[in-house]
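Asks: Listed here are the chains, written in short residue letters.
Protein chains: 2
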Amino acid sequence: MPGVYVHGYSAEESERLNAQAGILSGFIHEKAIFAPGSRVLEAGCGVGAQTIQLAQRNPEAEFVAIDYSAESLAIARERVQAMGLGNVEFRHADIHALPFEDAEFDGAFLCFVLEHLAAPDEALQEVRRVLRPGAKVCSFEGDHGTVLPSPDDPAIHRMVAAIVRLQSLESGDACIGRRLCPLLRSAGLRNVNVEPCVAYADATRPQWVEQFTLATITEMFALQETGVLSRGLLSEPEWRAGMKGMRRAACEDGTFAYTFFRGTAER
Amino acid sequence: MPGVYVHGYSAEESERLNAQAGILSGFIHEKAIFAPGSRVLEAGCGVGAQTIQLAQRNPEAEFVAIDYSAESLAIARERVQAMGLGNVEFRHADIHALPFEDAEFDGAFLCFVLEHLAAPDEALQEVRRVLRPGAKVCSFEGDHGTVLPSPDDPAIHRMVAAIVRLQSLESGDACIGRRLCPLLRSAGLRNVNVEPCVAYADATRPQWVEQFTLATITEMFALQETGVLSRGLLSEPEWRAGMKGMRRAACEDGTFAYTFFRGTAER
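Those protein sequence lines, which keep their order, are chains A and B. Here this note's numbering is used: the first residue of the first sequence is 218, the next is one more, and so on. Here this note's numbering is used: the first residue of the second sequence is 218, the next is one more, and so on.
Just so you know, the hints here were simulated from the structure itself, not pulled from any lab data. Check each hint, because a few of them may be wrong.
[Stated by the list, open to error] Selected chain A positions facing chain B (in silico; Cβ < 7 Å):
#1 Arg296
#2 Gly362
#3 Ser367
#4 Pro413
#5 Thr421
[Unchecked claim] Here are a few chain A residues that sit away from chain B, every Cβ distance over 10 Å (derived from the structure):
#6 Ile283
#7 Ala291
#8 Leu315
#9 Pro366
#10 Cys398
#11 Glu412
#12 Ala420
#13 Gly449
#14 Gly471
#15 Ala474
#16 Thr476
All residues carry an ideal CB built from backbone N, CA and C; glycine is no exception.
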């Protein structure tokens, strides 16, 4: 049974996911190239931020995108249709019990999905079940333990710790990136290869400061405010200090880094 | 006035620096290519771990390698001679007051040096002084804030915090990597470009587990034990728990990541 999606389903979150999909698309999709004619499962497509990229970058592949949230799925479907992309089919489904036969798919793609699951190993085994031998798996996850601001600021680390705690209360793991390799291997996948991808912003890379430090990460944190404060994981002044630290890292003499983990494997 | 070299001058440290120079040489030297005929300053050559690589990778450039420690310099000189490398000259000198004319050099290289200085900005300005306009600067630094073990272990983070504290007591900054870009820029260098380089080890990369997680990072931490314990920054059981955590991350289902920052710039 999947938990609540910790980032929420708001319009702001939808917008944030688009900014994130843009600036991070190179990292996320570099290895997500599937052979022409492939039938590929996108497990946990959410509002379709990555689905659009997948469908555009693999015009000769066919995608079946599933999500547990009917609401997200409706948004994803609308967006994919608006883009005129004809190679995506949507299904309302639970990653833990996929409505597909064994070995139906030639590939699978999962982006920012495993972090939200109580048993990501079981979900990966279910994904593996519906893949044919030799099928390619691409996954991409973050790790909040990699938050690296300059100037360093304990208030940021307290805020991130509270966000990690919130996600764990909802049975997720915001620090799953470092576990991606052992997870893929223990699901019985072969030829596992995990690469860290650092998103890094400094004054010489203003587009990363704007679109990554501020529009992706700071905004992602901002969306957790209600959850963190309502559960008493931080006080309001503590929260404000953390957000102030993030904005400080986006100043002319600041820097910010965050590491994602991109995994590929075969059934 | 430079402080004490926090890693010490032991034979173990010399050996560790060699292991580190080997596994990390791609990261460290990828951009450290100097035009034939260049005269290049290596500021803070230590026992010559990088000097050998520099001289081998740039056989048509000439290097002047300086260090504040006469003892390290003697080891470096011996090693470079033993390798039969004829394009390195050694000088006993202080990076804060270089015994060179303005604009004497066509390039500069600094690796794991700024982290040990009380005023890295002033040292960079002095390096800049001896460079001709257009000269290339290559620098490489780590950042202990990027230590990312799996399984995660608070004992490791306590140990790393103590090591960071020890280095700060000796006027250094073990978390300088994130500051490299603003430091290079504030020294008046142009075309600054800083790239994060993640060293990452998991069971699919056994040479990284052995040579990086264990022989480079765990060994670097181990060499701090006396300093940390004698200053009471950790208890012995706390220290042992941290080291145990590091060895745990090197097991079959563990992972370990650490991020370096590679900066290039021009005078």
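Asks: Please write out, lowest number first, the hints stated earlier that are contradicted by the structure.
Replies: 1, 9, 10, 11, 12, 14, 15, 16
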